[in-house]
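Residue numbers (the UniProt record's numbering), protein chains in the order written: chain G, 1 to 354; chain X, 1 to 354.
It is possible that part of the hints are untrue.
From chain G, some residues computed to sit far from chain X (all C-beta separations above 10 Å) [as the list claims (entries may be wrong)]: (1) Q9; (2) E109; (3) T162; (4) L213; (5) P239; (6) D313.
Covered by chain X, according to a simulated footprint, are these stretches of chain G (three or more residues, beta-carbon under 8 Å) [stated by the list, open to error]: (7) 65-74; (8) 110-121; (9) 218-225; (10) 251-261.
Source of the hints: derived by calculation from the structure; they are not laboratory data.
C-beta: ideal position from N, C-alpha, C; glycine also.
In case you want the letters, here they are:
There are 2 protein chains.
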Amino acid sequence: MVTMKDVAQRAGVSIATVSFLLNDTKPVTAATRARIEQAMLDLGYRRNMVARALASRRTHIIAMAYPALEHRFGMSTSEFFTSAAEAARKEDYHLVLWPVGNDGVELRELLGQGLVDGVVLMEVQLDDPRIDVLRQAATPFALIGRTTEPAGLSHVDIDFDTTVEDAVRHLYERGHRQLALISGDLDDPRFHEYGPWVRVDAAYRRVAAEYGLPVVVLPCSDTTSAGKAAVERLLAEHPETTAVLVLNEYAAIGVVSGLKRAGYDVPGDLSVLALLMVPETAAMTDPELTMMRTPGPELGQLGTEALIRQLEDADPLPPQLVPAKLLPGATVAAPRAPRPKAGAGRRGARKARS
Amino acid sequence: MVTMKDVAQRAGVSIATVSFLLNDTKPVTAATRARIEQAMLDLGYRRNMVARALASRRTHIIAMAYPALEHRFGMSTSEFFTSAAEAARKEDYHLVLWPVGNDGVELRELLGQGLVDGVVLMEVQLDDPRIDVLRQAATPFALIGRTTEPAGLSHVDIDFDTTVEDAVRHLYERGHRQLALISGDLDDPRFHEYGPWVRVDAAYRRVAAEYGLPVVVLPCSDTTSAGKAAVERLLAEHPETTAVLVLNEYAAIGVVSGLKRAGYDVPGDLSVLALLMVPETAAMTDPELTMMRTPGPELGQLGTEALIRQLEDADPLPPQLVPAKLLPGATVAAPRAPRPKAGAGRRGARKARS
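Next comes chain G alone, as it looks inside the complex:
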């Protein structure tokens, strides 16, 4: 790594002088500045971003707005954030995280400072008030997520329809006809009109109906203990269930744990398929969870790209919907005692782990 000291040595000046120039704290002569800049160039030392920002009226900082005090900053979030930060870095931008509430109040305060070039918005609500705040501030932005009417907004999101359909088909093809979805809890005000929960819920009801399956949906917040409680309720109210889809990351861990505690073998007695999960969380259960893998790395990168293209006046990135893809673990198998029914899958009796 090239340090300020290296630059100082090569330029034949003191470290303090290099610091004065870099931090704009004291004037240096044009000749000295030229020597230092040449040394930085020779050594590959990164450009003085202050000077660059002042010259261009651009800070080359972008913010990811994430309501960290309302929504858990979990393992999946971490993937979105780090991939966005890496994508920004590659384009010579810094990405910072703003833990502002999803009502837009704090976002407005920070935008008013004019300290970032643009914003990547996370955890989008269908009627998201932050969109108006961003428009009023005339700040370029891109969404990871989407509102009810996202046309005209730069956005990337999970393709929930494909994700849910692929998940249901996976279970159906293994013979499952008694499915249940342990969903999000949309009555929780922190998740008011939260896009992923609303869309997964709707997609599941549609797909289940298409497959001629009974629709069993239980709301559940995203904690291990909530997952345990939800699966207990499911076992009591719908003992015929042979496979459970779980929307939320930490709830899924609780579901596996709750089933085992209730004496159920997973997947022998009941299959579990996590929707929107990352491998690191899936590895926490035993057996490891079969999951639809959240495309966080792709979406963090794409959302950042969508924003930076605006900032650089490049061709806009068209809206992207990326499905979560099946990543086999060891929590899905054929149902133990398949109930033959009209239309039951021919592979129902075969023990097909995935």
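Dock chain X against the given chain G, drawing on the hints supplied.
Relative to chain G, chain X alone:
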């Protein structure tokens, strides 16, 4: 362009009052503030905080520097971050997260912009190069963590000595004499001289020696799979072990899972005690982990307070060391077959869960 006068007229207040609010020069009532903010919103007035910042040289934004691309942003980190953000909010500051590397290069670039009033430094290394960067930039800062010689630096940290001693005593009093520590992996360059790992390792070796216990320490990075591998190695190399302390959060989950997979009953055959853990992660194992609970909420708040006191020219916060406290779960019991030895605890034979 919308002017302050327009805002004042719409809000039905004097221009001076608008100015007091915008420049923070005089307090205004909450009702007046609300009226003015609504007027600004209605008119699309962009609160000129850049001007305010330039005038006052203060942005009321502080950054938490966390090397998110090198160190996992896990559940514990999330507690530090959200408690710091809440503490900042209470003092009318915004806290943002800078995912800058722990070599100081990006930190220097961002500091050069002069956009924050101060920095809370996380994941402190014993020889942390970011300290010099902060000093050169003349930016006020506080550490959550500490260097080898933290005297004179505003810092708060975990009291690792007390934490480790309390943990070892807890196991010792239940009759355990064959302990092992599954520690951090200090050969991993991302964790070079990482304070918590170095200090826990050193404290454990000292305390074990004081208790006359054999010193068994296995390095392990912080993933579930690394935890599984480490405990397998422990069982092979030290089958006499009756209790394991695990330093890292996700490794601890792997340890419980690996033990169960190997046919061990936890805590019947082997006790597990997690050092530095949060309840939400502990709840992911079955049985739930007994832990030393990381004081993230306290330290996030104290670290922010230490910084804001500097910014407000208040009395400095003296250095604070906060121990992690025992939070009983269900993974610690007396050893199954206590080995009577000189000095073995009198409670060794009793089955005492904690």
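Against the structure, the hints:
{"no.": "1", "hint": "Q9", "verdict": "holds (16 Å)"}
{"no.": "2", "hint": "E109", "verdict": "violated (7 Å)"}
{"no.": "3", "hint": "T162", "verdict": "holds (29 Å)"}
{"no.": "4", "hint": "L213", "verdict": "holds (30 Å)"}
{"no.": "5", "hint": "P239", "verdict": "holds (22 Å)"}
{"no.": "6", "hint": "D313", "verdict": "holds (22 Å)"}
{"no.": "7", "hint": "65-74", "verdict": "holds (count 5)"}
{"no.": "8", "hint": "110-121", "verdict": "holds (count 5)"}
{"no.": "9", "hint": "218-225", "verdict": "holds (count 3)"}
{"no.": "10", "hint": "251-261", "verdict": "holds (count 5)"}
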